[in-house]
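S.K.: Protein chains in written order, with my numbering: chain W, 1 to 513; chain F, 514 to 874.
Don't take every hint at face value.
Residues of chain F clear of chain W, computed beta-carbon distances all greater than 12 Å [to be verified]: (1) LEU546; (2) THR570; (3) GLY696.
Selected chain W positions facing chain F (in silico; Cβ < 7 Å) [stated by the list, open to error]: (4) LYS90; (5) LEU92; (6) GLY187; (7) PHE287; (8) GLU290; (9) THR337; (10) PRO479; (11) ILE484; (12) VAL485; (13) GLU489.
Because the hints were derived from the structure by calculation, they are not lab data. Beta carbons: idealized from backbone N, C-alpha and C, even for Gly.
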Amino acid sequence: MRIGIDVGGTNTDAALMDGMTVKGACKTPTTSDVSTGISTVLKKVLSMTGVSVSEIKAVMIGTTHFTNAVVERKRLLEVAAIRLGLPATKGLPPMTDWPGDLATTLGRHIFMVRGGHEFDGREIAPLDEKEILRIAGEIRARGLKTASITSVFSPVTPIMEQRAAEILKNEVPDLSLSLSHEIGRVGFLERENATIMNACLADLSSRVVSSFHSALKELSIDAPFFISQNDGTLMTPDYVARYPVLTFASGPTNSMRGAALLAGESEAMVVDIGGTTSDVGMLMQGFPRESAVAVDIGGVRTNFRMPDVLAIGLGGGTIVRDEGMRIGPDSVGYEITSKALVFGGDTLTTTDIVVAAGLEDIGDRSRVAHIPARTVNNALDTMHRMVDEAVDRMKTSADPLPVILVGGGSILISRDLPSASKVIRPENASVANAIGAAIAQVGGEVDRIFSLEGTSRDVVLSAAKAEAAERSTNAGADPQSVKIVDIEEVPLAYLPGSATRIRVKAVGDLVMG
Amino acid sequence: MITHITLDDLDDLALGAAVLGTGGGGDPYIGKLLARNAIEQFGPVPLIQLEDLPDATKVLTCGAMGAPTILIEKIASGEELGLAFDTYEAHVGYKIEAVMPFEAGGVNSTTPVMIAAQRGLPLVDADGMGRAFPQLEMETFNVYGVPAAPVAIADEQGNCGIITTQSAAKAEWIARGITIRMGGQAYIANYGMDGETARRVSVPGTVSLAIGIGRTLREARENHQDMIKALIEFFATTHYEEARIIGSGKVTDVSRRMENGWSVGIVTIEPFGGGEPMRIRIQNENLVVEQGSDVLAIVPDLICLLDVDTSEPILTERLRYGQRVNVLAVRVPPIMRTPEALEVFGPRAFGLKHDYVGLGL
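Using the sequences plus the hints, can you model the full thing?
M.R.: Given below as structure tokens:
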């Protein structure tokens, strides 16, 4: 048996699964320390199912914590964004196409240094080590805790990123470093963007992962635990602590895969309403439709392969203003249990609205009795319109499509939606994320340049497939269940010796002890 | 009529240029950002029609040469084309008065906008390819007698040169050799001509065509209209006239290899309704669509794969198994279909055994 946990901005959910069957599921508010919420929800799910700790073979955790931090521009560190590549790349400095507020939050500490490589490993310019030393001084002077380093063609040759990191580590020993070749693929701006975002999460990621550890320890669960990444496969905790950015879209992926399982619909629109945002994505053959193009996270372009999801600022903790005419985009998040009116707070949230309307019975109803009917109606209209518009925007034709409502915030939607053929609210819908995490598989990926000299495409491709399969097995997949799910082959023009870039992805079921 | 290219036009231009790129020409995103920076700094770029171009105006065409994979990794300094223009002007001894793209498809739709803004010059609403092609000699300029040389070539490190040769094919061969030494990406200014000549040898209206394609797709999406239908109706109002969906299906194989530095590939598409698979031959761009013994569309007509759900054009580098696509074909205008034009960029120029039959002809 395994437990899937989803740590959202507002609630922490758990689902105890026996194979593909949900044995029990429950939720509890997310706590500011994260771990208390996790141990509470674990105790709850174990006691309601009567399953003992020793029967748990694995725990899978999905979290939108890092995505939310970027979307809300909260808990982010200022970053020294270092680029190695001058005189190339000068035309588009770091954070060129970023939303101004996020670039400002990260402090716009931009450093462009001579260096970088050509596609074949020759230097564009030697690394300007003196400049790196000067930047180290700047980092100390400005009190920065984290830095990103992105060098031109580092996926081909990472040595300049590593050398620059070595110098910085030597000069500023407690500096946290994110190197682009470990995070992304070829495609400079997108890889640099992801690396800068990874760097700004350095502090948050180590705190969150250690709180996961302590929560499981508290309950004496010694089964291995994993964290979901973008594509719905699993990562080890150590890996997440260093590369939190790789969890960015795991929430939507888990929720959509969980929803597919629960609703028994494989072609539908999934609307996952959490505490902070609503994520709308399309389900095709039971899997999220992947974005074919670059994906924006908090307004920043990345080249992660992720589900095509539209996020809007509507959740159970979203703040209601202007007599219900204006909702969000900000939310009280995990503080809903102290800030929402029904919980004795002083902030009018969407949850207060549905309680005031008599649609739900949460907290203390009397505390929302004073809200004018006009405000309640306006807010309900606005919330339904926001979701309907988001569904409409994600639709790819005018044809009606079933809409599956999941997530704790799905209580906000009580009416039919004009854009939907039907609205499905599957049982256990509010914990679809946790279910999706629990049924996640283990992946292995190969993405690099292979020479075709003296060999053939078929030979190279089967070697890459075998390597990807082996990686997924090494990461904990049952060899019998491993399947190649994605193959991409792109020849690099002009590369001597006739070379090709191959990306192969394999996934399999987690072996459970 | 578009009289100036403003910041608001750049998204549409980039999207339309991706359609005209017929799978190649590189992702216009980077070029769009460079053009945006230039317009923000220097203001909107006047767009001048061929018929309004004074006879004596000195026109220079330009764009980038190299591998798109490199373009998106080794980002430009933004000074390369300026250096190429300086080098060209020093060589010929006169100042350039108007800029023209040499390729309307892909990233080269936007790089000329950047240099026009930087130098305060108008952009001519025309080009020499009417789409994207892989080689410098595949230009209507060359077809109708404008020498390709002198070619000014420059990179981000300040390296630059002038190539003078007798043939466009040689200019291509030498420039590409230099491009490899420049790290697989170089910036080029060549095919200098006067306004009178430009009117005779250029594919007219292709900058505003690209903006129109992008705008049509965007507005259809915003209004939840049938994007494909809107696009086909739009083409009917232009000198490209004929456009249609020649097939729809799922990509079941993408096989690629290198031939003399060119990426050559075959994409297999299984039609949704069953029937024989379609095969598309790619050499940077999509060249020919065959089904059994039938040729459904062939170069120089445009063959563009559009995502079934979003109608986004798919670059050949991003093609992969499982994608669901509509295959859009568009007939090129008459200036690109003459016997002398087909000799330079018709099927035989790409080593194909078929003769050109224009879509719907």
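S.K.: Indicate, hint by hint, whether the structure satisfies it.
M.R.: Here is how each hint holds up against the structure:
Not every Cβ of chain W is farther than 12 Å from the Cβ of LEU546 (chain F); the closest lies at roughly 5 Å, contradicting the non-interface assignment. The claim that THR570 (chain F) lies off the interface holds: its Cβ sits roughly 28 Å from the closest Cβ of chain W, which is beyond the 12 Å cut-off. Listed as a non-interface residue, GLY696 (chain F) fails to keep its Cβ farther than 12 Å from every Cβ of chain W; the least gap is roughly 4 Å. Because the closest C-beta pair between LYS90 (chain W) and chain F is about 4 Å apart, less than 7 Å, the hint holds.
The beta carbon of LEU92 (chain W) comes within 5 Å of a beta carbon in chain F, closer than 7 Å, and the hint placing it at the interface holds. Satisfaction of the interface hint for GLY187 (chain W) is found here, the shortest Cβ-Cβ separation to chain F being roughly 5 Å, below the 7 Å cut-off. Taken as an interface hint, PHE287 (chain W) does not check out: its beta carbon lies about 10 Å from the nearest beta carbon of chain F, beyond 7 Å. For GLU290 (chain W), the interface hint is violated, the least distance from its beta-carbon to any beta-carbon of chain F being 9 Å, above 7 Å.
Given the 7 Å rule on beta carbons, the hint for THR337 (chain W) is violated: about 40 Å separates it from the nearest Cβ of chain F. Annotation: interface hint on PRO479 (chain W) violated; nearest CB of chain F at approximately 23 Å, more than 7 Å. Restraint check, ILE484 (chain W) versus chain F: the minimum CB separation of about 10 Å is more than 7 Å; hint violated. The restraint placing VAL485 (chain W) at the interface with chain F is violated, with a minimum CB-CB distance near 9 Å, outside the 7 Å limit.
A distance limit of 7 Å between C-beta atoms decides the matter here; for GLU489 (chain W) the minimum to chain F is near 6 Å, and the interface restraint holds.
In this structure, the earlier hints numbered 1, 3, 7, 8, 9, 10, 11 and 12 are contradicted, and the remaining ones agree with it.
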